[in-house]
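Those protein sequences? They're chains V and F, same order as listed.
Using the numbering used here, read the first sequence as starting at 1 and increasing by one per residue.
Using the numbering used here, read the second sequence as starting at 228 and increasing by one per residue.
Hints listed in this document are in silico derivations from the structure and should not be mistaken for laboratory results.
All of these numbers come straight from a predicted model, not from anything done at the bench.
Heads up, some of the hints might be wrong.
Unchecked claim - Computed list of chain V residues with no C-beta within reach of chain F, every gap over 12 Å: (1) L40; (2) V91; (3) R151; (4) D185; (5) R224.
Unchecked claim - Short derived list, chain F residues pointing at chain V, Cβ under 10 Å: (6) A239; (7) E263; (8) A516; (9) Q555; (10) A562; (11) A566.
What the hints assert, rightly or not - Within a straight-line C-alpha distance of at most 20 Å, the following computed SDA-like cross-link-like pairs (lysine to any residue) qualify: (12) V:K96 - F:F517; (13) V:K205 - F:R459; (14) V:K104 - F:L611; (15) V:K5 - V:D17; (16) V:K96 - F:D539; (17) F:K482 - V:K205; (18) F:K482 - V:V218; (19) F:K315 - F:G349; (20) V:K204 - F:F517; (21) V:K205 - F:F517.
Don't be surprised by glycine CBs; every beta carbon is placed ideally from N, CA and C.
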Amino acid sequence: MPDNKILVVEDDKTTADFIVRGLSEEGFTVDHVSDGRDGLFHATDGSYGAIVLDRMLPGMDGMAMLAALRAADVKTPVLILSALGSAEDRVAGLTKGSDDYLVKPFVFAELLARLKLLIRRGSQDSAEETRLTCGDLSIELLKREVRRGDRLIELQPREYRLLEFMMRQAGQVITRTMLLEGVWDYHFDPGTNVIDVHISRLRKKIDSDGEEPLIHTVRGAGYRLGD
Amino acid sequence: MLLVLALEMLVAGAIGLATVQLARSEILKANEHTAETLLEDTLAVARTEGPEGLREFLTLRGAETDDVFLLTDGSGRSLVGSLESWPKAAKPDGVYRPLFLKATNGKASVEFGTYATRLSGGQQLLVGHSLTRSNQAMDALLDAFLLAALLGLPLALVAAWLVVQLVDARLRNFEDVLGNFGVGEMDDRIADHGTDDSFDRLAKIENVMMDRMSGLIAELRLVTDSLAHDLRSPLTRIQAQLATVAESEDVEDHKTANEAVANDLEHLLFVLNQMLQIGRAEGGVGREAFVPVDLQEILADLAEIYGPVAEDAERDITLDAAIAAPLQGQPDLLARAFANLIENALHHGAGNIRLRLTETATGYAIQFADEGAGIAPEDEAAALRRFGRLDPARRTPGSGLGLALVNAIAHLHDGQLQFERDENSFAVVMTLPKPAPRTKA
Numbered sequence: 001m002p003d004n005k006i007l008v009v010e011d012d013k014t015t016a017d018f019i020v021r022g023l024s025e026e027g028f029t030v031d032h033v034s035d036g037r038d039g040l041f042h043a044t045d046g047s048y049g050a051i052v053l054d055r056m057l058p059g060m061d062g063m064a065m066l067a068a069l070r071a072a073d074v075k076t077p078v079l080i081l082s083a084l085g086s087a088e089d090r091v092a093g094l095t096k097g098s099d100d101y102l103v104k105p106f107v108f109a110e111l112l113a114r115l116k117l118l119i120r121r122g123s124q125d126s127a128e129e130t131r132l133t134c135g136d137l138s139i140e141l142l143k144r145e146v147r148r149g150d151r152l153i154e155l156q157p158r159e160y161r162l163l164e165f166m167m168r169q170a171g172q173v174i175t176r177t178m179l180l181e182g183v184w185d186y187h188f189d190p191g192t193n194v195i196d197v198h199i200s201r202l203r204k205k206i207d208s209d210g211e212e213p214l215i216h217t218v219r220g221a222g223y224r225l226g227d
Numbered sequence: 228m229l230l231v232l233a234l235e236m237l238v239a240g241a242i243g244l245a246t247v248q249l250a251r252s253e254i255l256k257a258n259e260h261t262a263e264t265l266l267e268d269t270l271a272v273a274r275t276e277g278p279e280g281l282r283e284f285l286t287l288r289g290a291e292t293d294d295v296f297l298l299t300d301g302s303g304r305s306l307v308g309s310l311e312s313w314p315k316a317a318k319p320d321g322v323y324r325p326l327f328l329k330a331t332n333g334k335a336s337v338e339f340g341t342y343a344t345r346l347s348g349g350q351q352l353l354v355g356h357s358l359t360r361s362n363q364a365m366d367a368l369l370d371a372f373l374l375a376a377l378l379g380l381p382l383a384l385v386a387a388w389l390v391v392q393l394v395d396a397r398l399r400n401f402e403d404v405l406g407n408f409g410v411g412e413m414d415d416r417i418a419d420h421g422t423d424d425s426f427d428r429l430a431k432i433e434n435v436m437m438d439r440m441s442g443l444i445a446e447l448r449l450v451t452d453s454l455a456h457d458l459r460s461p462l463t464r465i466q467a468q469l470a471t472v473a474e475s476e477d478v479e480d481h482k483t484a485n486e487a488v489a490n491d492l493e494h495l496l497f498v499l500n501q502m503l504q505i506g507r508a509e510g511g512v513g514r515e516a517f518v519p520v521d522l523q524e525i526l527a528d529l530a531e532i533y534g535p536v537a538e539d540a541e542r543d544i545t546l547d548a549a550i551a552a553p554l555q556g557q558p559d560l561l562a563r564a565f566a567n568l569i570e571n572a573l574h575h576g577a578g579n580i581r582l583r584l585t586e587t588a589t590g591y592a593i594q595f596a597d598e599g600a601g602i603a604p605e606d607e608a609a610a611l612r613r614f615g616r617l618d619p620a621r622r623t624p625g626s627g628l629g630l631a632l633v634n635a636i637a638h639l640h641d642g643q644l645q646f647e648r649d650e651n652s653f654a655v656v657m658t659l660p661k662p663a664p665r666t667k668a
């Protein structure tokens, strides 16, 4: 899978340069086009791991391009970038075939984390997993049993869901809004340190004294489980 | 106004004339009928009583009544009756004719309704019923109508003038107040005369409209001022920070400034997004994206999300929501509103926080209670306004948009926000209506 190839469809040059430069530094191969028609032309060959699509574009609107892409049975994950930030615009974007939706202005780390999540999801085989591991941390999904080495860890249901979500994205940066979405399925920006509190509780149970810390805080972005 | 008056007079005149005409024709018909009856009676007497009886009857009736009679022989010679001679205009053909005749005992010719007919044996009979009374009645009727018209016209004019004055006076009040409102003097209201007439009703509608508009304008002013203040401060800081490090060669300086600018920008975006969200919710945008939601589930999620935050502050969140509460709504916005209320209780309230979901007659009530002093009754309105930060809260972080957003989200779902307080607790209560029962197709 050409997972490290990303198509960026964005007409604003400054934003596009910013995204292209950032993704290139992360080791992605990035193609950039600035209108919907070119975007559709490039995207239909299906060689991309993910597409970053601006919602409002000249030539062909982002939503129209997405519809054409899905009609052509191209299943490449699409992340919509939009200046329309309201809840119903987001819902409309997600129901019309996009896989994620990010409101402008955005922090690059958020875009990167979400893109990586999309690409991983796209390449994961759909077979049901029964066991997740990260270092010496493991979850037996059927028994809902969490172990660090030999140590059995008792988690509350919400802590378990949080850990399971993080384990599935192990090694990737996960932002606070991604956690709120992934664990509780709400999309809003919690004003306080709500997510931090949950993480710090989980961290106390996962990373005991003397153990190699597994839950890392990524400054300005969010969290990462494992390396 | 005068045109209406003229039209009214015309219509009234036409109706009057038609009435007089109708009365006239009724009277004439009655006259003919009376004369006919008179003839029939007379003929009946002639048939039953014979010639002698007839003579007697005619003599008697001629003397006692205003009616006239004349019986002549075949050659036209008068036999008995109250007329000198057979009138030229009268023909013995049984046709009704009004004629002017002079009775032998009368002073002048007056009008009679007459019938003349030929009897057996060549005699001719003429009967006439006096029309004097009915003519008088008709004259009186016409006089009355003319008098009514003569008296009524000035009266109608006076009444019309009064009505015009009255309407004008009431409308002038409308003109003055609305005119002032239009140019920005928004304090006056249209006088309520307490008569509940159409002017009063219109005045009430206009007054409500002006109240709402001036309220919105006042709020807009406040929002603009506050927005200017809240945006200007971080913008000024950003400008200052950028200016300070512009000449600096020190990387650390740039890093510090960068971080500070990023923080200020984040706050600016937060305020801007809140404002937009409030505007959209107040404008009713988003109803088309409503989906089935359950308030019980959302509350349980939020209690779970905020539980550890409260615990860290050595406080407790309890959830008392034993009923399912299905609704059409926007889950993210409802969760945002509930989260705001919980955060308010965490930041500005005290003691334990209790979330309670109950069913009411028309919908659901969700109570967010804590053991703090809450919002003073006189501050309630200010708390719901955009940027309505209460003075003590000025020192704590926040945009002053939280409750305004909650209020807007409640309104979007046709709900309301209320405050409840007693000695040792304060609660914000959101009431949301139940969906209307689905009608079977």
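Checking a non-interface call: every C-beta of chain F should be farther than 12 Å from the C-beta of V91 of chain V. Is that right?
5 Å, violated
R151 of chain V: least C-beta distance to chain F exceeds 12 Å?
22 Å, holds
Within 20 Å, alpha carbon to alpha carbon, are K205 of chain V and R459 of chain F?
Violated - the C-alpha atoms of R459 of chain F and K205 of chain V are around 45 Å apart, more than 20 Å.
Holds or violated: K205 of chain V to F517 of chain F, with C-alpha atoms at most 20 Å apart:
39 Å, violated
Measure nothing beyond the straight line between the CA atoms of K482 of chain F and K205 of chain V; if it is 20 Å or shorter, mark the hint as holding.
Violated, because 35 Å separates the two Cα atoms, which is more than 20 Å.
Hinted pair K104 of chain V and L611 of chain F, Cα distance within 20 Å
Not OK: K104 of chain V and L611 of chain F at ~28 Å, beyond 20 Å, violated.
Under the criterion of a CB-CB separation shorter than 10 Å, is A516 of chain F in contact with chain V as hinted?
Status holds, d = 4 Å.
Would the pair K315 of chain F and G349 of chain F pass a check requiring their Cα atoms to be no farther apart than 20 Å?
18 Å, holds
May I ask you to test the interface hint for A566 of chain F with respect to chain V, counting a Cβ-Cβ separation under 10 Å as satisfied?
Nearest chain V Cβ about 6 Å off; hint holds.
Next pair to validate is K96 of chain V with F517 of chain F; report whether the Cα-Cα distance is within 20 Å.
16 Å, holds
The hint names E263 of chain F as touching chain V; please verify it with the least Cβ-Cβ distance against 10 Å.
90 Å, violated
Regarding the pair K96 of chain V and D539 of chain F, is the alpha-carbon distance no greater than 20 Å?
Violated. K96 of chain V to D539 of chain F sits at ~41 Å, over the 20 Å cutoff.
When the structure is compared with the earlier hints, violations turn up for hints 2, 4, 6, 7, 9, 13, 14, 16, 17, 20 and 21 and for no others.
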